[in-house]
Every structure is written in C-alpha cells, then in structure tokens.
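**Student:** Got chain A; can you put chain B on it based on the hints?
Chain by chain, the residues:
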Amino acid sequence: MDLNAPIAIRVRGICNSFGDQVIHDGVDLDVRNGEILGVVGGSGTGKSVLMRTIIGLQRPIAGEIEIFGEPMTEEDSDAQLDLRRRWGVMFQGGALFSTLTVAENVQVPLREFYPGLTPQLLDEIAAYKVVMAGLPANAGPKYPSELSGGMKKRAGLARALALDPRLLFLDEPTAGLDPISAAAFDELTMSLSKTLGLTVFLITHDLDTLYAICDRVAVLADHKVVAVGTIPELLATDHPWIQSYFNGPRGRAAQTAVDRHMAKGA
Amino acid sequence: MASMADFTETQAEAGRTLRVTGRMTLSGLADFPQRLDAVEAPVAAIDISALDRIDTVGAWIVHRFAARTGAKILGASDEAARLMSLVSRSEESVRVRPEAPNPVVRVVTEIGDATVVALRTLAGLVAFFGAILVATWDIMRHPRRLRINAIVHRFELVGVKALGIIGLMSFLIGIVIAQQGAVQLQQFGAEALTVNLVGRITTRELGVLMTAIMVAGRSGSAFAAQLGTMKLTEEIDAMRTIGVSPIEALVIPRMLAAIVMMPLLGFYATVVSIFGGGLFCWVSLDLPPITFVQRLQEVIPITDLWVGLLKAPVFGAIIALSGCFQGMQVESNAEQIGLRTTSAVVQAIFLVIVLDAFFAVFFSQIGWI
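These protein sequence lines map, in sequence, to chains A and B. This note's numbering numbers the first residue of the first sequence as 1 and each following residue consecutively. This note's numbering numbers the first residue of the second sequence as 1001 and each following residue consecutively.
Excised from the complex, chain B in its bound form:
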C-alpha cells in the first residue's frame, strides 16, 4: 500500500516550494488538509509530481491551496491535470443546508402556519362532512347505489376482526377497575360498592370510550392509510373519471361500518369488562357471581346503558370521518401517508374525548345521573 499524503517545504530564491508525496486520495488524507491549511501564504509553488495517486478530493485540496496562497501547480500528471480542471470547473458556491431564518421570525411563522393549517383543516372537515351528507342523500334517493358488499366487508374488518383485541383489553380493564376500586373502598369497609363502581363506570364511560380509542387506532388509521395510498396511486382519480364517486364507493361504506360497529363493539366491551370485574370480585372479594349480577341489576339504571350506546355511533362517525378525511388529503409523496395517518388517529381520539365531555354534561343536565 502506498504511503499517506505528506508534504515537505523547501526554500528557494523564488520563494517556498511544497513538495507533496503519497496518496492524495480520500483514504490517504488523514490530517493532511489541516496541516496544509496551516501553511501560510505566500507559497511560490506546489509540486505534485511525486504523488502516487490522486482523486477529485486530492485535486480539490491542491486547487484550493493554490487559489489561497497563489502557488503555481508544478508537475501535474495528465490525470491530475484532468481532475484539477474538472474540480475547478465545478467550483461554485453551493449551500449545504437551507438558510436558517431568524428565530423570532421562525416562531411567529410557525404559529401563523399552524393557525392557518388548523383553520383549513376545520373548514376542510366541515366541507367533507357536507359532501358525505350530500352523498348520503343521493344514496337515500337511489338505494341501489348502496354498495352492500363493500359495507359487509368493512363490517368484518372494523367489527368482527376487532373482537379479540377489544375483548382482551376490556377484560383487563374490568379487572383493574375492580382491583383498584376494592383497595380504596376497603378503607371505608365499603368493598361491596365495587360492584357499583365496575358496573356504572364501564356502562356509562369506559366501555365505549376505550372501544373508540381502539377503533381509532385500528380502523381510523387503516382508513387514512388506505385512502391515502389510493390517492397516491391515482386510483381515486381513476374512479372519478369512470364516474364513480369516491365518497359513495369508499367513504360511505367506512362511515357506515364505523357507525354500526361502534355501539356493538362498545356493548361487547362493556359486557366483557363487567365479566372481568365480576371474576375479580368472585376470586378476591368472595362475592358469588349470582350476587354480583343481582347487585348489578339494582345499581345500574337503564339510562346508563343508553348513555353509553347513544355516544357510540357518534364516536364511530367521528373516527371514520377523520380517518377518511385525512386519507383524502394525501398528496404528492409517500411520507404524507404516515403524517396523515398519525393526524387521523390523533384527531379522532381528541375529538372523541372532547365530545365525551360534552355528552357527560348533557346527560347529567337531562337527569340521567
């Protein structure tokens, strides 16, 4: 292997001359550039006749050195001369990174951009909702346009396939609520009230809410990614040119699936949670299942069930709406699919929780306590 790049200085009448030896290639450089930078101008000449090898980086370093110190380049081989002329032709000032704006300006710009984006999203969401209502009206007038197959397929994906994970989650949540509740209530000798706790909180709130979060994560994200991919591959444009409305063909089945499946899944989650809580009461508090069910009937008013089940379809609609809306917003590149999928889930969960708060106040006001 040839030696690393190096140089020696000789003093002549005309001035100093640098004689470079070794490999002037990327792998032969080591700290050569720094040492060369330390040489002070003026230098009369740089002699590169004794180089073993040179590449464009070596040529660039020699070229730069000559330009800085005014040195003449001596003894360049054909190859070196060729490379040197290539790099000198390619010399232009190129920025490596975009210019960093003033931090104050940047913060203000970001706030402004975020506001505009938020308002646009809101407007877009309302417009999208409007388009869905129009499509629904169209379908109601021409019921044959309803795509039964697509809808049933969505029912399966959104509902049936989610049973396992939602069941497991609800079962564990039921146990956790019962266990935590029992520990606290025991301090007042009121562990029998664990039944009230488990029964009412799961029917009113947690059954449906946790299901909504799970459906948003499973199906909302899938809607956004599916529609986003179809948008990118121009499938949606192709549909439009054929005369098929993407809202009718893609969005309505997903909306319907989410709206119909959410109450069913929510009810299922509630039942499984109660089962988990009951199991814990039986094992840990020695409360027999018969007594548990009897107590449930006494403490849960039927309105609790309505509270849960009335919220569910609204949550389903919100999840499908934001999933489909974000999917349809994808443009230009694949990176957007990821971003839009994330915002679909975040938006859906956020809206679900905000609405849940409104529902809570509303139902207490109308006396369903």
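Isolated chain A (complex conformation):
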C-alpha cells in the first residue's frame, strides 16, 4: 500500500443529523487511491449515512467532500455529472431494477450515459461484465426475483462496475451470505480491485472481510471517525469500542483464522 498515494475521497467535517438525533459530528476521512478501505462501526453509527453523503444522496448539514480533488456540490453541472460516472455503488440488497433482467440492469447506466453505443456492443459489454462479476452465463436473462441472495449481490456488483468506475462503494457486500459465498465475494472484490485499479469504500460488519481484503480500516464511533489504519495499528489504540470489536470472541476467531491461513501459505 502506497502511503503517498493521492487521495481519492477527502471528507472534512461532515455533520449529519435526523431531527434531534446526531449521526455525524465532524467526520474526517481520507481514502487513498487504489486502497480497499473498510468502514466499521456499531449499528446506527451512520456507516451507510456516510456513504450516502459521499455519493450525494444525503445532504450534510456541514462539511466538505472532495472526490479526486474535485469538490462535490449540489448543482447539476456537467462536471458534477462527470464526477458521478466515476463511481459505482452496490447497495445492501443489490437494489436491482426488478422489471429488468440482470444483463439489462447492467446496461441501464451505459444507456443512460452513453446513448451512442450500438445495441450489439451494449449486449457484449453486459455479457462480459456479468461473467466478470462471477455470475454464471445463464444468469444474464434472469430477473432479480429468480436470483439467490449471493447472486443478487454479484448482479449489483456487475451493475456498479458497468461504467468502469475508478471508485467502488460496497454497502455490506457479504451480509446475509453463507461463509463460502462470502469468502468468494471477498476474493472477487480483491481481484477486481487489483485488476481494474479500483479504490474501494467498503462498509462491513464482517470481521473476516476486514482481515482478508482491507488495506485499512476506518472506525466510526462517537459520531466521528475515531481511528483509521491497518488492523495492527487499530489494535494498538485503546479506544474501548475498537478493543471490544477486534478482541471480542468473534474478532479473535477471525484473527486466528487469518494467522492459520498465513502459516499454511508460508
């Protein structure tokens, strides 16, 4: 991991609240180019809200966000629209359009942004993206209701990758998957981010995912990002939530699994 890599997402002083309930109070976060950043935090600490704020679905009360050095604003200018093409988002449940097939779902962003593409090229692009996301070829003409949970997530990933983004947002990609599918999805995320040179902003509860693929981990607690760093760096801090998160029974189990894996690999 290149410590001096340029910053892909720069978040400064974000404040969010719903009514009286304060979610974020001065969140600062840097996501470096090419890294996989895991975002963790207890339920209700505003992980998804932070993601929604960065991609412009939620307007913060205060704070600034820069993506690839360009500030995010409210206006619908061409520059802003261009910025939006540079990221792909995979929502928790996949958020696939239920009236379209998987392959057509992948085509939606392409059609929207590049109306000039020929139907044949569109079909070809959708085809290889579907396979690239690890779906079997026969999943292309299926409707979302015919897919299993794991396949829906992969279809969501295929759609998120439709525009060849440089930035990928994943909201709990392995939640609700069996351990085998979850591990496979982690591997897919990792290999795609390497091959495509993606920067990944990954919200998760899954300790195995954190150990397996995240370069750095950001911890949301007390309405702000309390720590960012590699897992050993986080373990060295004495924040109570971080300690109980990584040193709880599940945290230790995930860690030993990684250690065992490393030992075997060596």
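Some hints here could point you the wrong way.
What the hints assert, rightly or not - If you anchor each label on the Cβ, the simulated ranges turn out as follows: (1) A/ASP178 x B/ALA1357: 53 to 59 Å; (2) B/GLN1011 x A/THR118: 25 to 31 Å; (3) A/HIS205 x B/GLY1075: 44 to 50 Å; (4) B/PHE1129 x A/ASP178: 41 to 47 Å; (5) A/ARG12 x B/LEU1339: 43 to 49 Å; (6) A/ALA236 x B/GLU1335: 46 to 52 Å; (7) B/THR1233 x A/ASN33: 40 to 46 Å; (8) A/ASN247 x B/GLY1075: 51 to 57 Å; (9) B/VAL1105 x A/TYR143: 16 to 22 Å.
The set of hints was computed from the structure by calculation and includes no laboratory data. Quick reminder that beta carbons are idealized off the backbone N, C-alpha and C, glycines included.
**Tutor:** Leaving out everything else, chain B in the frame of chain A:
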C-alpha cells in the same frame, strides 16, 4: 483532457497495421467501435502502444477486433494486458433477455395459465370461505375466543373513518341524479317525478352499491395489503406456531366489521343521497323540503329499504372475503402485495356487481318491485 479514441492505418509488407491513439474508455469512444467494425479483415496487427487510457470496454473492443480479424495485439501496456486478459477470461455467450417464445405458443400458454389461475383462485376462495365457516363455528362454541377489541377497532377503521368520504360521495351522487333526472323529466312536464327517481334508485340500488365500491377500495385493499405484509414478514407463521389461528385473529374481525358496517354505511349513504337530491329539488325545482319528504313517504315502498339493506351485509362479506383471501395468497416478494391488492379490489367490485344483478332479478321475482 486527452483526445478521443482514433486509429490510423499503415500498410507494411506483413499486411495492414492499425495504430490506435487517444482514450479507449467509455467516455472517449463516440463512434470509434462502428468505425473499427468497418475495417475489413485481414489485419496483421493492432498497435495500442500510443493509447492514453484504456478501460475494460476499450480492452473488450480491442479483444473483439483481434478475434475478428486475426490481428496481433502490439504494444499493450501492463494495464492494457491485464484488462485484456480479464475480459477474455470473461468471454462467454450470455443472453441479455429471456428467449421470446413463439407467439402462437405464447398466446395458448397465456390462455391456459389464465384458466388454471382462475380455477385455482375459485377453488382457493371456496376453501377459504370454508375455513372461515369452520372458524366461525369454533368461535360460536367458545364465544370467549371472539376478539372484541380487534373487532371494535375494525369497526372504527371500516365504518367510522369512512363516514366523511362516503357522505361526500353520496351527497354529490344525489345531486347528480336529481339534476340529470329533472332535465330529462322536464321534457314530459314530469319534473315532479324527480322525487321518485332519487328516492327509489338510491334506496334500492345506488346507496348500497356505491358504498360497496367505496368500501372495497378503502377497506378491501387495506385488508389485502395488511395481511400480505404480515404474510411476508412471517407474522402469520409466527401466529400459527404460537397456536393462534390467523383466521380467528385476523380474518374474522375483518369479516365481521365489513358485514356489520356495510348496512350501516349503506343506509347512511342512502340518507345523504336523498338529502342531496332534496336540496337540489328545493333550490332548482322550488319543491319545499316538507313536500319532498311527504312525497318520498308516498312513493318509496318499505320493501325498497329491505332490498338495499339485505344486500349490504352480503356485499360486505364478499369484500372482506376477497381482501383477506388475496392478502393470504401473498408469497415471496413485495411486488406481490401490489398485485394482490389490485386483484382484491377488482375481484370484490366484480363479484359485488354480479351479485347485485342476481339480487335485482330475485327481488323482482318475489314481487318487491
């Protein structure tokens, strides 16, 4: 900003070589793919060393071109080579849409499917009605199992909360009937008969029928959506495991509410319609309210009221039955709730109108004309 994707052709001894320049990314393509498609095979090589940027779509286009023309790919950067190998690994024939069946087969299949669905629905409805009768019998033997609170709550939702909208609707319908009737009857100098028209049509037919349609739209749909949501969130399964019969706890209170409230709402609608019609007669035909009421008493036989009020509970039962039945049919996904709610309302209104026709014939036959 880097330039758009472009290519130049050079002729060498080994054959033609294409040299691609610019951005081979989605945003840099424009009509590049079409122009590349127009290049005829064979091409000896495609040189991509001078590209500014490439993404998977660019890699795919180069890969496809190489496969079509047999060209060698020269000068691929590390990134390009990586992407090219990724897309070539992902090359598989994937259908985008499901195969469209033969139209004749499709029409026949659809007719068959619709028939099966219609018969199944009918059978299911009868079975559901049976289950309700069994539950009713159980409750009659153990009256303590009747859920008074739930029933009273339904009374409020189905009946009291509907008073406003049903009142407004009936009032306007009364005025419309009186106004339209008066215009036509005036041609025969018989505008005094407007009283007969308004009085008899609202008591016999429209009061109850329009109320049934409104209740189907308000409460029938709500029943279907509520039970459907409970089915989806497995609340109904949870009830069953605890030993509570969903029919007793959910369906019976709704049935009772609809059966009891329909005659009351129907009567209320009739009265308000007549009031609207009377108001119109007073304002427009100079018929004083006293005379209007007197005439009503003379022209409406009491059997008209029975005709209306006897139909109402049956309509209520039909509405609640189809609402609850459709709600209980929801399975698997949220889209079904919408579909089932729609069919609940359509089914209820359709059955109400069909039954109304039977009632009309029946009551004339027994001499309640």
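**Student:** Look at each hint and say if it fits the structure.
**Tutor:** Evaluated hints:
1. A/ASP178 x B/ALA1357: 53 to 59 Å: holds (56 Å)
2. B/GLN1011 x A/THR118: 25 to 31 Å: Given about 28 Å between the Cβ atoms, the range holds.
3. A/HIS205 x B/GLY1075: 44 to 50 Å: Holds - the Cβ-Cβ distance for A/HIS205 and B/GLY1075, about 46 Å, lies within 44 to 50 Å.
4. B/PHE1129 x A/ASP178: 41 to 47 Å: Roughly 42 Å apart at Cβ, these two residues keep to the hinted range, so it holds.
5. A/ARG12 x B/LEU1339: 43 to 49 Å: Since the Cβ atoms of A/ARG12 and B/LEU1339 sit about 47 Å apart, the hinted range of 43 to 49 Å holds.
6. A/ALA236 x B/GLU1335: 46 to 52 Å: Between A/ALA236 and B/GLU1335, where Cβ atoms are some 50 Å apart, the hint holds.
7. B/THR1233 x A/ASN33: 40 to 46 Å: holds (43 Å)
8. A/ASN247 x B/GLY1075: 51 to 57 Å: holds (52 Å)
9. B/VAL1105 x A/TYR143: 16 to 22 Å: holds (20 Å)
When each numbered hint is compared with the structure, no violation occurs for any of them.
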